[in-house]
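S.K.: Hey, can you work out the whole structure from these sequences and the hints?
These protein sequence lines are chains G and H, in that order.
Quick note on numbering: this note's numbering labels position 273 of the first sequence as 273, and the sequence is numbered without any gaps.
Quick note on numbering: this note's numbering labels position 226 of the second sequence as 226, and the sequence is numbered without any gaps.
In case anyone wonders, no lab produced these hints; they're calculated from the structure.
Worth double-checking, as some hints may not be accurate.
[What the hints assert, rightly or not] Simulated restraints, written as ranges between beta carbons of each label pair:
{"id": "1", "chain 1": "H", "residue 1": "24", "chain 2": "G", "residue 2": "77", "range": "56 to 62 Å"}
{"id": "2", "chain 1": "G", "residue 1": "138", "chain 2": "H", "residue 2": "90", "range": "39 to 45 Å"}
{"id": "3", "chain 1": "H", "residue 1": "328", "chain 2": "G", "residue 2": "308", "range": "34 to 40 Å"}
[Claimed, not checked] Residues from chain H that keep clear of chain G, each with C-beta distances beyond 10 Å, as calculated:
{"id": "4", "residue": "42"}
{"id": "5", "residue": "90"}
{"id": "6", "residue": "197"}
{"id": "7", "residue": "287"}
{"id": "8", "residue": "293"}
[What the hints assert, rightly or not] Listed below are several chain G residues computed to face chain H (Cβ distance under 7 Å; list not exhaustive):
{"id": "9", "residue": "6"}
{"id": "10", "residue": "118"}
{"id": "11", "residue": "129"}
{"id": "12", "residue": "291"}
{"id": "13", "residue": "305"}
{"id": "14", "residue": "306"}
This structure is a prediction, so every number in the text was calculated from the model and none was measured.
Glycine included, every Cβ here is placed at the ideal spot set by N, Cα and C.
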Amino acid sequence: MSGAEVLAQQLVNGLTLGSVIALVAIGYTMVYGIIGLINFAHGDLYMLGAFAALSLIGVSGLAPGDGAAATWGTLAWVLVLVMAFTGGLNVLIERWAYRPLRRAQPLAPLITAIGVSFILQNLGMLWGALPLEVMGTNAVAPKSFPDLIPRVDLLSRMGLATGVRVTTKDLFVMGLTVPLMLGLHLFVTRTRLGTAMRATSQNREAARMVGIPADRVIAVTFLIGGALAGAGALVRGLFFNTIVFNMGYGAGLQAFTAAVVGGIGSIPGAMLGGLLIGLISALSDHLISARWTPAVLFLILIAVLVFRPRGLLGDPTGQKA
Amino acid sequence: MTPARTGERPRDPHAPFHRAGLAALVLFPAADHLLDLRLVGDVVPVLLFAILAVGLNATVGLGGLLQLGYAAYFAAGAYAAGILTSVAYPFQLPLEVATAAAVGAGALLGALSALPVLRLKGDYLAIVTLGIGEIVPVTLRNLEPITKGEFGISPVDLPGPRAWEDWTNTTHGVLWYYLALALLGLVVYCQRRLERSRIGRAWEAFREDELAASACGVDTAAVRVQLLAYSGAVAGLAGAVSASYVPAILPSQYEFPISAMVLSLVVLGGLGNWRGAVWGAILLVSLDRILAPSLTRWAQSLVGSGSYSFFLEFSNYRFLLFGLALVLVMRWRPGGLFPPRAAQERVG
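M.R.: This is how it looks when you write it as structure tokens:
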């Protein structure tokens, strides 16, 4: 492979990874935008989404090599159920853990979020011990996620003789994440509820005064953020084919970094940040070494916080920073 | 509000309990010996966790800076002690000298990590500290020429003259116990002096209102450096002692779960109150390290070890319980399990 091809390959990998990161980053940025909380538990919610997806696929009995109609039909309802599960769970968490703390001291919601993160991670570990065939015998070991999406190299199929591989798996990831993000964008900018959400995010008291039910809008925000994390979890499981109960921490940090780089509170910022972090991770894996990638991402996070706390597309007044 | 001069402080209604607790700590090895419990050695890590909790309590409780990467400073102390004393390196200094260096290493890392956050507070500062807590273990794992990577460093030197090299022997558990207890006493003493000093009051003023504190002449950038350097120094001390107690260092001992555990101890004990930090740490770590394993044995003896033995292992619920405790304490008892006298005024 030539240097240009290697670079192009890393771009493809980075975009695929980045679009999954972006789905999770949206959950961070929406919650931060509306109640100013770094929802530390979001990464663990995503992990539970992956466990739910694996369990549902296990229950459905779907296996690699089943016909296209069966595979896509089953995956469609798995997607819906997983999104409902993580979205609903996120609403419950907001209702029981965060809402009572609206007027508490500033550190209380963040510490509560850390507590919720512990709870969810521990639940994920116990989930792995359930007597399901897909969970294997070792509770805490990584679980293998069935490889249901065929990996067909599209460029060589089209007769392009390059070393770069763009597979149907990459296409599947884009095909699921891009419409979800577009739909979210239309929802936030074109609907009444989306407008109410933006208003609440700008000024909760003023929104309440013009008759917006702020608590309900916040609940919807958690629902959407959680559902997108569930979708991201299914996509991730199908793309990387392995999940583990403590993956939420690292995935959450990656997504949070993306949200900060893009400008926390900004939904387009989270999408852009997700793609950028995906690209940077892929390039760092290739140019430096995969084991240094977490440190590289954190140095970027710290640099952004120090030099441009509002990120690329953040609130220019700096109020969210 | 807290009176400005120490002489005016009201008497603490809980003082008798604290004295009784202190007496229990001092007499514990005798009771352990008489009842043949053999727990003295297990309590040493509990006391080291209490030291960490007191140190972190300065940043989070007194200064109001949420520090999420505390294990990084613990690691700095441990690796400083390991590198300076282990036979795998050319220095081979005595542990006492290396411990002083470990305190310095913790303080230096603390001061350095304050640099990016001189203007940040709240969530953003928490994230930067979390980042430092992530970068340090990644570096320790991968910088093999200096840190030996995944192999870690062992053995770390033991305290005292070389002639005492059977320190780890169970009969010497008592010596370790009193060494750890004395260090805890020293850290608590420093903390009390600090709290009542000009520096400590500047920290509290900074926590309550950064703008007002700065208008009163408190240098808020210096406060950040002081807070992170001080808690880093305490963690460095605990790191050196725990490395020598184990006596080995592995990078996996210094990751996020340790930071999370110490933060839970501080929050559950009571933010801004060293007594809460000490008793919270002793109570919770004892439950976790000593009571939970015996409960597990008891539960498994009742049911027998079948396919559900994973669910009977109490350590598999550790983070569930810590998480629930954090959520419930924040909701119902924000001053912690052992709130200070004026909990409402300080926290509310």
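S.K.: Does each hint fit the structure? Answer for all of them.
M.R.: Outcome of the hint check:
1. H:24 with G:77: 56 to 62 Å: holds, 59 Å
2. G:138 with H:90: 39 to 45 Å: holds, 42 Å
3. H:328 with G:308: 34 to 40 Å: Given a distance of about 38 Å, which is inside 34 to 40 Å, the answer is holds.
4. 42: holds, 23 Å
5. 90: Consistent with the label, residue 90 of chain H stays out of reach of chain G, its closest Cβ about 27 Å off (over 10 Å).
6. 197: holds, 24 Å
7. 287: It holds; residue 287 of chain H is separated from chain G by about 16 Å at its closest Cβ, greater than 10 Å.
8. 293: It holds; residue 293 of chain H is separated from chain G by about 17 Å at its closest Cβ, greater than 10 Å.
9. 6: violated, 23 Å
10. 118: Nearest chain H Cβ about 3 Å off; hint holds.
11. 129: holds, 4 Å
12. 291: holds, 5 Å
13. 305: Check passed: Cβ of residue 305 of chain G comes within 5 Å of chain H, closer than 7 Å.
14. 306: holds, 5 Å
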